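A.B. asks: Chains A and B, in that order, give the protein sequences. Counting from 1 along the first sequence, just add 534 to a position and that's the residue number in the numbering used here. Counting from 1 along the second sequence, just add 1 to a position and that's the residue number in the numbering used here.
One should not assume that every hint holds.
Unchecked claim - Estimated spans, in silico, between C-beta atoms of each pair:
(1) B/D31 - A/K576: 22 to 30 angstroms
(2) B/D31 - A/S562: 24 to 32 angstroms
(3) A/T646 - B/A39: 15 to 23 angstroms
Claimed, not checked - Pulled a few chain B residues facing chain A out of the computed Cβ check, cut under 7 angstroms:
(4) R16
(5) N60
(6) Q107
Read the hints as simulated data drawn from the structure, not as lab findings. Fair warning: this is a prediction, and the values are worked out from it, not measured in the lab. For glycine and all other residues, C-beta sits at the position ideal for the given N, C-alpha and C.
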Amino acid sequence: GESVGLHLPTLSVQEGDNSIINCAYSNSASDYFIWYKQESGKGPQFIIDIRSNMDKRQGQRVTVLLNKTVKHLSLQIAATQPGDSAVYFCAENTVLSTNDYKLSFGAGTTVTVRA
Amino acid sequence: DAGVTQSPTHLIKTRGQQVTLRCSPKSGHDTVSWYQQALGQGPQFIFQYYEEEERQRGNFPDRFSGHQFPNYSSELNVNALLLGDSALYLCASSLVGENTEAFFGQGTRLTVV
Numbered sequence: 535g536e537s538v539g540l541h542l543p544t545l546s547v548q549e550g551d552n553s554i555i556n557c558a559y560s561n562s563a564s565d566y567f568i569w570y571k572q573e574s575g576k577g578p579q580f581i582i583d584i585r586s587n588m589d590k591r592q593g594q595r596v597t598v599l600l601n602k603t604v605k606h607l608s609l610q611i612a613a614t615q616p617g618d619s620a621v622y623f624c625a626e627n628t629v630l631s632t633n634d635y636k637l638s639f640g641a642g643t644t645v646t647v648r649a
Numbered sequence: 002d003a004g005v006t007q008s009p010t011h012l013i014k015t016r017g018q019q020v021t022l023r024c025s026p027k028s029g030h031d032t033v034s035w036y037q038q039a040l041g042q043g044p045q046f047i048f049q050y051y052e053e054e055e056r057q058r059g060n061f062p063d064r065f066s067g068h069q070f071p072n073y074s075s076e077l078n079v080n081a082l083l084l085g086d087s088a089l090y091l092c093a094s095s096l097v098g099e100n101t102e103a104f105f106g107q108g109t110r111l112t113v114v
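The shape of chain A in the complex, shown without the other chains:
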């Protein structure tokens, strides 16, 4: 779930600027986290993931930070482009039982890139 005051449902960013999207997760036992991007009319698309034994992971133009102490994730997008406009979801992979997992999604942040 999302923590009030931490999650912004919308984010407007100037093209070329950096974007930061925040997310709080609920289960302290979760050990794997994923950021998904969802464009209108499409299914969620994997962006980047991070495991609980790390606090930072970098991809192409994206960085995910994990703070397990406060159960907080953030996604940083460098040099935001018009194609980055979408809804972004953080998801925690909850262990249900041995070999069984489910993804729990936050409410999502709608990112709009201004030209």
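Dock chain B against the given chain A, drawing on the hints supplied.
C.D. replies: Here is chain B on its own, set in the frame of chain A:
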């Protein structure tokens, strides 16, 4: 390498009817999960299938049922449709026992009128 495919892409049904949605997982994947995404919200877990059995279930009524076939493809059935069942239904595939990312299909947009 085909990704996750779902059919149909759009569907309109009348309240009280029944609907079947279909999903083919990504090549090499053996686990299929179904999610319901209402407008403006994040996907909500319905259930997960592996080895043709329902492994885990979210907080959804028995009107929601599913099936997995030997080729790992899956169906989601919803009986006695309610207006509130209108949503995007997403299928995700993954590998059992692997705590790795799930790959999503494009979804089926169900409208109940």
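A.B. asks: Can you name, in rising order, the numbers of the hints this structure does not satisfy?
C.D. replies: 4, 5
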